[in-house]
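Student: First residue of the sequence shown? That's 0 in numbering that gives the first Met the number 0, and the numbers climb one at a time after it.
A few of these clues could be false.
[Stated by the list, open to error] Okay, the calculated beta carbon distance ranges per label pair:
| # | residue 1 | residue 2 | range |
| --- | --- | --- | --- |
| 1 | R215 | N407 | 25 to 31 Å |
| 2 | R91 | Q472 | 33 to 39 Å |
| 3 | K404 | R143 | 21 to 27 Å |
| 4 | R91 | D297 | 43 to 49 Å |
| 5 | P335 | R101 | 34 to 40 Å |
| 6 | A317 | R74 | 34 to 40 Å |
| 7 | D297 | W657 | 37 to 43 Å |
| 8 | P514 | R143 | 33 to 39 Å |
| 9 | I3 | I57 | 20 to 26 Å |
| 10 | S184 | V332 | 45 to 51 Å |
| 11 | T361 | R447 | 44 to 50 Å |
| 12 | S9 | G85 | 19 to 25 Å |
Source of the hints: derived by calculation from the structure; they are not laboratory data. Glycine included, each C-beta is placed from N, C-alpha and C at the ideal position.
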Amino acid sequence: MGPILAEVRSDLNARIQAAHHRMPGALEASALSAECQASLDATLTSWCAKTLILDLAIARHSGRLFGDSPERRLRSHLDELASPAGRRRLAREYPLLIRDARRLARQTAHALAEIIERVANDHRLIFARLAEPGHAPTALTGIRFGLGDRHQGGRRVSALHFDTLQVMYKPRSLANELGFERFLSELQRLGIGEDLRLPRHLGRRGYGYAEFIPHRHLSNPEQAGDFYRRYGEWVAIAHVAAATDIHHENIIADGAHPVLIDLETVAQPCRGEVGLGFWRRGPDADTLTHSSMLPKPDANEGGRDLSALAHVVGTTPASVLIGQGDDLRFETVAMPFDRSGNLPNHAGRVIPAWQHKAELVTGFETAYRRLCAHKATLLRADGPTRWLTRLRPRVLIRRTGAYVKLLNYLSHPDSLRSQRARERILATLAEQSRLHPGMQRCAVLEQRALARLDIPRILAPADSRDACDHRGQRVGPVFGSSGRSEIRRRIRSLCQRDLDRQRHLLDQTIESTRPIEQTLVVPLRSARAADAPLTAIDPNTTPEACIAAASDFARRIADLAFSDRSGVHLFQLEARPDANLWLVPMAPDLYAGLSGLAIFFAELGQIEPQPRYRAFAGRLIATARRIMAAERPALSAIGAYSGLAGWSYALARLAVLWQQEALLDEAESWSAAIAAGAEQDTVFDVIGGSAGALLVLL
Numbered sequence: 000m001g002p003i004l005a006e007v008r009s010d011l012n013a014r015i016q017a018a019h020h021r022m023p024g025a026l027e028a029s030a031l032s033a034e035c036q037a038s039l040d041a042t043l044t045s046w047c048a049k050t051l052i053l054d055l056a057i058a059r060h061s062g063r064l065f066g067d068s069p070e071r072r073l074r075s076h077l078d079e080l081a082s083p084a085g086r087r088r089l090a091r092e093y094p095l096l097i098r099d100a101r102r103l104a105r106q107t108a109h110a111l112a113e114i115i116e117r118v119a120n121d122h123r124l125i126f127a128r129l130a131e132p133g134h135a136p137t138a139l140t141g142i143r144f145g146l147g148d149r150h151q152g153g154r155r156v157s158a159l160h161f162d163t164l165q166v167m168y169k170p171r172s173l174a175n176e177l178g179f180e181r182f183l184s185e186l187q188r189l190g191i192g193e194d195l196r197l198p199r200h201l202g203r204r205g206y207g208y209a210e211f212i213p214h215r216h217l218s219n220p221e222q223a224g225d226f227y228r229r230y231g232e233w234v235a236i237a238h239v240a241a242a243t244d245i246h247h248e249n250i251i252a253d254g255a256h257p258v259l260i261d262l263e264t265v266a267q268p269c270r271g272e273v274g275l276g277f278w279r280r281g282p283d284a285d286t287l288t289h290s291s292m293l294p295k296p297d298a299n300e301g302g303r304d305l306s307a308l309a310h311v312v313g314t315t316p317a318s319v320l321i322g323q324g325d326d327l328r329f330e331t332v333a334m335p336f337d338r339s340g341n342l343p344n345h346a347g348r349v350i351p352a353w354q355h356k357a358e359l360v361t362g363f364e365t366a367y368r369r370l371c372a373h374k375a376t377l378l379r380a381d382g383p384t385r386w387l388t389r390l391r392p393r394v395l396i397r398r399t400g401a402y403v404k405l406l407n408y409l410s411h412p413d414s415l416r417s418q419r420a421r422e423r424i425l426a427t428l429a430e431q432s433r434l435h436p437g438m439q440r441c442a443v444l445e446q447r448a449l450a451r452l453d454i455p456r457i458l459a460p461a462d463s464r465d466a467c468d469h470r471g472q473r474v475g476p477v478f479g480s481s482g483r484s485e486i487r488r489r490i491r492s493l494c495q496r497d498l499d500r501q502r503h504l505l506d507q508t509i510e511s512t513r514p515i516e517q518t519l520v521v522p523l524r525s526a527r528a529a530d531a532p533l534t535a536i537d538p539n540t541t542p543e544a545c546i547a548a549a550s551d552f553a554r555r556i557a558d559l560a561f562s563d564r565s566g567v568h569l570f571q572l573e574a575r576p577d578a579n580l581w582l583v584p585m586a587p588d589l590y591a592g593l594s595g596l597a598i599f600f601a602e603l604g605q606i607e608p609q610p611r612y613r614a615f616a617g618r619l620i621a622t623a624r625r626i627m628a629a630e631r632p633a634l635s636a637i638g639a640y641s642g643l644a645g646w647s648y649a650l651a652r653l654a655v656l657w658q659q660e661a662l663l664d665e666a667e668s669w670s671a672a673i674a675a676g677a678e679q680d681t682v683f684d685v686i687g688g689s690a691g692a693l694l695v696l697l
């Protein structure tokens with residue numbers, strides 16, 4: 000790699016010196032040169048290390064190393080690699096390695112030089128906009144390169160250190176951040192979120208700088224209430240702005256202020272159906288949890304909560320180089336981490352949201368009511384949302400982790416042996432998307448970015464159903480509706496009923512974070528009837544009173560439901576494996592799910608013949624049917640309550656109540672699946688096992 004590094008180092012140093020001479024006092028050239036060289040070395044090492052360590056192991060086992068100690072044998076191998084014959088051998092065995100190394104070296108050197116040149120040009124503007132008043136401009140002394148993923152030719156978010164200031168450099172347009180600033184400013188003039196804060200930004204053409212927000216502790220524990228009140232206001236605003244991906248790394252607790260630090264994903268389009276259907280619209284699409292500001296389990300992370308309210312503690316696997324001399328090798332170790340910079344902290348103690356649920360709910364409700372009061376203003380073409388509907392937000396077609404894995408595969412020695420092997424890896428993107436036309440269209444953009452060794456960054460113009468890359472190349476249609484349409488739809492839905500169900504959902508999500516030993520079991524109560532506690536029914540109560548109570552329950556349940564084209568969605572707390580709780584969409588089962596509710600509404604409709612009961616029961620069973628068809632096995636058990644037999648029973652019972660033979664046929668059609676499951680059953684109980692299945696089948 001020596002010749003490659005020598006070439007780019009020379010060019011990088013020349014550009015640093017040129018910037019230094021052009022703008023004396025703007026930067027410390029010698030310190031920056033050393034840091035840039037270290038960043039350049041780290042980039043190449045991370046890409047080439049697996050192949051070089053494998054080559055060392057092969058040389059050791061084949062007897063090609065010389066020396067009487069591990070260190071001398073390693074030196075003999077390095078000397079061989081540095082020789083013309085060694086470089087030719089490496090290029091012959093791994094033809095893509097040298098090409099990738101050259102690309103990465105040039106990209107990284109250019110990205111670093113570009114940062115320094117831009118800082119030199121923008122030096123006074125940076126201090127005028129981002130420094131505290133009275134701070135004179137000082138020199139750039141350090142760059143912490145690579146705090147984010149590689150995008151757009153190896154460019155990465157970086158921290159810039161001046162003598163008296165630290166700022167964040169972002170190698171992309173800050174139009175989203177600046178647009179959201181203007182949106183929030185106009186909301187604040189309407190009395191909404193008046194003391195909410197955002198980082199200050201300096202936007203330039205295609206890049207920009209952001210104020211560095213430190214994680215600062217509270218000066219007293221009572222300030223936690225202010226933090227969570229403001230947080231509740233952010234929840235309401237993020238919902239109206241159709242924002243997503245506001246997770247624990249995208250919010251900083253600066254004392255009593257929750258500060259959003261990354262606003263790439265506002266004005267998100269609807270993940271609806273296009274043609275044969277794009278990626279599935281989740282049941283939480285119309286709820287407050289969609290923004291990731293509220294707790295919810297992440298199925299791709301083993302059910303962990305990674306929301307902006309999560310205190311993320313645990314371990315993550317990391318490849319670590321161990322051994323000495325010619326025995327160097329990689330080993331996967333569990334690296335501990337503790338991420339709590341998103342939560343208020345006093346004297347080293349994190350203060351969780353459940354301890355200030357009342358303030359959080361109050362903040363949300365206050366902001367929601369004010370947004371609702373200004374609905375007409377928000378819907379006007381010249382209203383505050385105009386700043387959002389002109390943006391090109393980022394959309395996460397896939398999880399970023401999937402791209403990271405693909406890049407890891409591309410740097411694997413087997414993938415560096417031939418272009419054909421690399422193309423096979425990139426082709427998996429299209430293969431995974433073959434049933435989704437919109438996703439297939441985006442796969443072209445994804446493959447081009449990954450071929451450049453970048454993480455794809457897909458954008459969605461807020462006024463369009465199309466997607467595009469950073470160069471503006473469009474593909475589409477991709478989405479069911481545009482980000483602009485989603486914002487307007489959410490604003491139009493603002494009303495008392497929506498406030499009630501969103502507030503109930505908010506209350507339940509915060510309750511899910513309360514440790515189980517602190518949990519109180521309370522009766523179901525809608526937000527609308529918060530001051531009307533449920534009372535025990537007197538044994539002498541008349542049948543009419545019982546029916547009235549059942550009708551009241553039915554109304555409350557229906558009021559808490561979210562509906563869209565895919566059906567009716569309800570949410571409930573369920574026990575996690577660690578015995579705590581999480582809020583999840585209701586499953587199709589009989590015991591605690593949609594089919595059990597469908598029977599309740601259908602039975603009530605028989606006693607009190609009102610069309611709305613039967614209609615709601617029909618929508619519940621239709622939603623459950625869609626889940627059963629789309630997520631096999633949606634129910635892994637076979638028993639009478641939590642399994643397939645319970646689902647079959649629900650269909651049979653509805654067939655009797657509604658006199659529909661087709662439902663009876665549908666119930667019978669599940670018998671084979673129940674029988675097959677019985678052969679694998681190890682539970683044998685009534686709720687989920689064979690005993691319950693027998694009760695239904697017999």
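Student: Hints first: check each against the structure and report whether it holds.
Tutor: A quick look at each hint next to the structure:
1. Remark: the range hint 25 to 31 Å for R215 to N407 is contradicted by a beta-carbon distance near 36 Å.
2. Checked against the hint of 33 to 39 Å, the C-beta distance between R91 and Q472 comes to roughly 36 Å, which is consistent with it.
3. The hinted window of 21 to 27 Å between K404 and R143 holds, with their beta carbons roughly 25 Å apart.
4. In this structure the supplied range 43 to 49 Å holds for R91 paired with D297, their Cβ-Cβ distance being about 44 Å.
5. The hinted range of 34 to 40 Å is satisfied by P335 and R101, whose Cβ atoms lie roughly 37 Å apart.
6. Range check, A317 to R74: Cβ separation about 28 Å, and the 34 to 40 Å hint is violated.
7. The beta-carbon spacing between D297 and W657, approximately 39 Å, falls within the hinted interval of 37 to 43 Å.
8. About 37 Å separates the C-beta atoms of P514 and R143, a value consistent with the hinted range of 33 to 39 Å.
9. With their beta carbons about 23 Å apart, I3 and I57 fall inside the hinted range of 20 to 26 Å.
10. Between S184 and V332 the beta carbon distance is about 47 Å. The supplied range of 45 to 51 Å therefore holds.
11. Taking 44 to 50 Å as the suggested C-beta distance range, the pair T361 and R447 conforms, at roughly 48 Å.
12. Taking the beta carbon of each, S9 and G85 are about 23 Å apart, inside 19 to 25 Å as hinted.
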